[in-house]
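Undergrad: Whenever a hint applies, use it, and build me the whole structure from the sequences.
The numbers in full-length UniProt numbering rise by one with no breaks, and the one at position 208 of the sequence shown is 208.
In case anyone wonders, no lab produced these hints; they're calculated from the structure. Glycine included, every Cβ here is placed at the ideal spot set by N, Cα and C. Each hint can be trusted.
Distance condition first, Cα-Cα at most 25 angstroms in a straight line; then the derived SDA-like pairs of lysine to any residue:
{"no.": "1", "residue 1": "156", "residue 2": "225"}
{"no.": "2", "residue 1": "42", "residue 2": "55"}
{"no.": "3", "residue 1": "77", "residue 2": "103"}
{"no.": "4", "residue 1": "147", "residue 2": "167"}
{"no.": "5", "residue 1": "147", "residue 2": "30"}
{"no.": "6", "residue 1": "31", "residue 2": "66"}
{"no.": "7", "residue 1": "80", "residue 2": "68"}
{"no.": "8", "residue 1": "156", "residue 2": "143"}
{"no.": "9", "residue 1": "209", "residue 2": "97"}
{"no.": "10", "residue 1": "80", "residue 2": "131"}
{"no.": "11", "residue 1": "147", "residue 2": "178"}
{"no.": "12", "residue 1": "31", "residue 2": "76"}
{"no.": "13", "residue 1": "209", "residue 2": "105"}
{"no.": "14", "residue 1": "209", "residue 2": "136"}
{"no.": "15", "residue 1": "42", "residue 2": "72"}
{"no.": "16", "residue 1": "156", "residue 2": "103"}
{"no.": "17", "residue 1": "156", "residue 2": "104"}
{"no.": "18", "residue 1": "147", "residue 2": "67"}
{"no.": "19", "residue 1": "156", "residue 2": "135"}
{"no.": "20", "residue 1": "77", "residue 2": "220"}
{"no.": "21", "residue 1": "77", "residue 2": "101"}
{"no.": "22", "residue 1": "80", "residue 2": "92"}
{"no.": "23", "residue 1": "147", "residue 2": "117"}
{"no.": "24", "residue 1": "77", "residue 2": "214"}
{"no.": "25", "residue 1": "77", "residue 2": "209"}
{"no.": "26", "residue 1": "156", "residue 2": "169"}
{"no.": "27", "residue 1": "77", "residue 2": "105"}
{"no.": "28", "residue 1": "209", "residue 2": "159"}
{"no.": "29", "residue 1": "55", "residue 2": "113"}
{"no.": "30", "residue 1": "209", "residue 2": "76"}
Estimated spans, in silico, between C-beta atoms of each pair:
{"no.": "31", "residue 1": "89", "residue 2": "225", "range": "34 to 42 angstroms"}
{"no.": "32", "residue 1": "69", "residue 2": "45", "range": "19 to 27 angstroms"}
{"no.": "33", "residue 1": "94", "residue 2": "30", "range": "34 to 42 angstroms"}
{"no.": "34", "residue 1": "42", "residue 2": "232", "range": "45 to 53 angstroms"}
{"no.": "35", "residue 1": "38", "residue 2": "79", "range": "21 to 29 angstroms"}
{"no.": "36", "residue 1": "122", "residue 2": "44", "range": "50 to 58 angstroms"}
{"no.": "37", "residue 1": "58", "residue 2": "179", "range": "38 to 46 angstroms"}
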Amino acid sequence: MFADFNTMVAELGSIETMKNDFVSNVSHEIKNPLAIITTHAKALERDTISDERRKAYVRTIVDASTRLNTLVTNTLKLNKLESQSIVAQAADYDVASQLTDAALALYDLFDAKGVALELDVEDHATVHADPGIVSLIWSNVLGNALKYTEPGGHVKLCQTSTSSEITVEIIDDGCGMSETEAARIFDKFYQGATAHAAEGNGLGMAMVKRAIDLSHGTISVRSSQGSGTTVTVTLPAAAGF
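TA: The structure is reproduced here in structure tokens:
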């Protein structure tokens, strides 16, 4: 009984530490864009600044506001995912079509950056999952592949299936990650050395991992610095669920 009590106390302490860390991280991520907005809004009050400088300040405020909005949205999404223990909307649906739609939704961004996006999916592949939850996986992983691939680079999305599972690989030839960074990629708010060079809040892959768990799937990441990253996702096929 004493051993069980001590275990319970230790687990409660760990939960409290995680909660405090989460609040601290959220506060830190919110503070920076708010400071930018405040500083540039005050600067706009000056009558002496040029129209060009004024427009630049406005763009900076809009960018910071967008980052803040993304942080709040992702925090709420992650909280909703973590509070779920079952998926009420799970159903059989065509994930090949969903992957195609996800790629098309991001095509203009890939094209604007000059990154080639190659799609190799089957005509039809049925999974048993919640389409809304699974869509978070593709948007975040493809978004990361685009973010960390330089202009002139290449991203490939491949999908294959067996009678029991659907496998999706998203392969890029971007900057890649160290072994340490790859090991912590699903930690909330964690951003490695390469991530700090790009906009983000470290919540995307935490959402992906939770979405994978809720969908009874698996995810693995292979990466090395300077050699790109491969993310492999497996989901249960409808017939094998």
